[in-house]
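Participant: Chain by chain, the residues:
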Amino acid sequence: MIYLELFLGFLKVGCFAFGGAYAAIPLIRDVVLSYGWLTEEALTYMIAVSESTPGSIMVNVATYVGGAQAGILGAMVATLAVVLPAFLIILLVTVFLKTALKNKYVQAVLGGLSPCMIGIILATGLYMIFKNCLGEFSSPKLSIESIVITALLLIAMFVYKRIAKKKLSPIMLIVISAVIGAVVYGI
Amino acid sequence: MKLLIELFITFIKIGLFTFGGGYAMISVIENDCVKQKEWITDDELMNLTVIAESTPGPIAINCATFTGYKKAGIIGSIAATLGVILPSFAVIYLISIFFDNFLEVTIIANAFRGIKIAVGILILDAAVSMAKKMQKDILSTAIMICACVVMLCINIFAWNFSSISLMMIAAAVSLTVFIIKDVSKKKAGAAE
Chain S
205 MIYLELFLGF
215 LKVGCFAFGG
225 AYAAIPLIRD
235 VVLSYGWLTE
245 EALTYMIAVS
255 ESTPGSIMVN
265 VATYVGGAQA
275 GILGAMVATL
285 AVVLPAFLII
295 LLVTVFLKTA
305 LKNKYVQAVL
315 GGLSPCMIGI
325 ILATGLYMIF
335 KNCLGEFSSP
345 KLSIESIVIT
355 ALLLIAMFVY
365 KRIAKKKLSP
375 IMLIVISAVI
385 GAVVYGI
Chain Y
109 MKLLIELFIT
119 FIKIGLFTFG
129 GGYAMISVIE
139 NDCVKQKEWI
149 TDDELMNLTV
159 IAESTPGPIA
169 INCATFTGYK
179 KAGIIGSIAA
189 TLGVILPSFA
199 VIYLISIFFD
209 NFLEVTIIAN
219 AFRGIKIAVG
229 ILILDAAVSM
239 AKKMQKDILS
249 TAIMICACVV
259 MLCINIFAWN
269 FSSISLMMIA
279 AAVSLTVFII
289 KDVSKKKAGA
299 AE
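From first to last, the protein sequence lines are chains S and Y. Under our numbering, the residues of the first sequence are numbered 205 to 391, in order. Under our numbering, the residues of the second sequence are numbered 109 to 300, in order.
Any given hint could be a false lead.
[To be verified] Here chain S is said to cover these stretches of chain Y; the calculated rule only asks that three of the stretch's residues, wherever they fall, bring their Cβ under 8 Å from a Cβ of chain S:
1. 135-149
2. 229-242
[Unchecked claim] So the derived label-pair ranges between C-beta atoms look like this:
3. S:Leu338 <-> Y:Gly181: 44 to 50 Å
4. S:Leu338 <-> Y:Lys121: 30 to 36 Å
5. Y:Lys110 <-> S:Phe362: 35 to 41 Å
6. S:Ser342 <-> Y:Thr149: 38 to 44 Å
7. S:Ser342 <-> Y:Lys293: 48 to 54 Å
8. S:Met205 <-> Y:Ile288: 54 to 60 Å
9. S:Pro344 <-> Y:Asp150: 36 to 42 Å
10. Y:Ile288 <-> S:Val352: 47 to 53 Å
11. S:Gly339 <-> Y:Asp245: 35 to 41 Å
12. S:Thr303 <-> Y:Lys244: 27 to 33 Å
13. Y:Ile264 <-> S:Met205: 42 to 48 Å
Since the hints were made in silico from the structure, they are not lab data. In this text, all values refer to a predicted model and were calculated from it rather than measured experimentally. For every residue, glycine included, the Cβ atom is placed at its ideal position computed from N, Cα and C.
Start from the sequences, fold in the hints, and give me the full structure.
Facilitator: Shown next, in the form of structure tokens:
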């Protein structure tokens with residue numbers, strides 16, 4: 205029964221995919237390859253598509269595999285399965301969060317986690333910008349277009365902030381970057 | 109009912125513009141849920157990011173569930189979570205039907221390469237504004253810098269070390285320092 209297989213397979217992905225998009229890829233790979241839902245090449249392509257479309261990679265892969273294997277119903281089953289664990293866990297955490305957060309030991313733990321989290325996000329952002337402009341560390345490849353786009357976007361953010369006295373919204377920045385990307389890479 | 113619809117629509121918008129998933133969406137959430145609607149506070153967003161990172165599932169889903177629950181209980185959390193998945197569901201489902209090689213259309217591929225750059229900037233921006241709001245004691249600053257350096261090495265040299273282990277270490281260090289301080293304070297108190 206394909207629906208049950210899809211549900212169980214993606215429930216497993218949803219349960220154990222800790223730590224954001226890239227951490228989840230090995231697990232996704234394991235599940236979709238072992239059920240024979242995607243080939244290695246198809247998975248690589250799917251990850252590229254996921255990166256360039258809205259939504260997180262694991263939800264996108266679930267929708268795609270479910271849809272390809274068993275139509276719209278399959279897509280729904282797989283997507284719900286992959287989201288369900290996160291939904292239930294956060295619901296539980298939220299319900300008990302208020303009392304738990306006041307505990308001084310919980311506070312001490314959070315006091316270590318928050319700066320660590322900020323450090324990780326900082327590193328991820330820096331790494332992505334460098335990778336876009338300079339290529340992979342193992343095979344450097346300078347991209348003038350990417351550097352120009354990065355500069356243009358930073359200028360747009362800075363000028364907007366000066367003139368409008370507030371931050372350019374992320375959504376606007378994405379729209380602008382899509383237009384600039386289509387133009388600059390197209391030349 | 110009005111609030112439910114508002115939650116649903118706001119999270120559709122958030123879901124629609126969360127490319128690549130993960131940290132980039134933090135700045136979108138900060139803009140929409142913290143600044144504009146004032147549904148959650150900056151502190152809550154920070155705690156939520158930490159919790160999202162230490163529980164399974166994408167941050168997008170975690171944020172939607174939390175905000176929805178806070179504003180309108182279980183039904184609110186369902187409305188927000190469905191809202192945040194809907195755009196990617198629709199887009200990917202269409203892709204799975206119509207385009208076998210969606211990214212081979214040159215202009216689309218180029219636009220997405222542009223978006224990839226914006227995503228990097230957004231993530232960096234989110235990190236900088238979080239760092240500005242952080243408590244600036246020695247321990248926090250040291251943890252932040254260490255985490256940043258180690259994470260850069262993980263990315264650049266493809267170290268086989270997960271961000272989860274990094275966070276566990278940070279939590280352990282912070283807890284140990286707290287307990288040591290606590291004990292020495294009690295000793296000092298007893299000595300007097």
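Participant: Are the hints correct? Go through all of them and say.
Facilitator: Hints versus structure:
no.: 1; hint: 135-149; in the structure: holds (count 3)
no.: 2; hint: 229-242; in the structure: holds (count 11)
no.: 3; hint: S:Leu338 <-> Y:Gly181: 44 to 50 Å; in the structure: 48 Å, holds
no.: 4; hint: S:Leu338 <-> Y:Lys121: 30 to 36 Å; in the structure: 33 Å, holds
no.: 5; hint: Y:Lys110 <-> S:Phe362: 35 to 41 Å; in the structure: 38 Å, holds
no.: 6; hint: S:Ser342 <-> Y:Thr149: 38 to 44 Å; in the structure: 42 Å, holds
no.: 7; hint: S:Ser342 <-> Y:Lys293: 48 to 54 Å; in the structure: 50 Å, holds
no.: 8; hint: S:Met205 <-> Y:Ile288: 54 to 60 Å; in the structure: 56 Å, holds
no.: 9; hint: S:Pro344 <-> Y:Asp150: 36 to 42 Å; in the structure: 38 Å, holds
no.: 10; hint: Y:Ile288 <-> S:Val352: 47 to 53 Å; in the structure: 51 Å, holds
no.: 11; hint: S:Gly339 <-> Y:Asp245: 35 to 41 Å; in the structure: 38 Å, holds
no.: 12; hint: S:Thr303 <-> Y:Lys244: 27 to 33 Å; in the structure: 28 Å, holds
no.: 13; hint: Y:Ile264 <-> S:Met205: 42 to 48 Å; in the structure: 45 Å, holds
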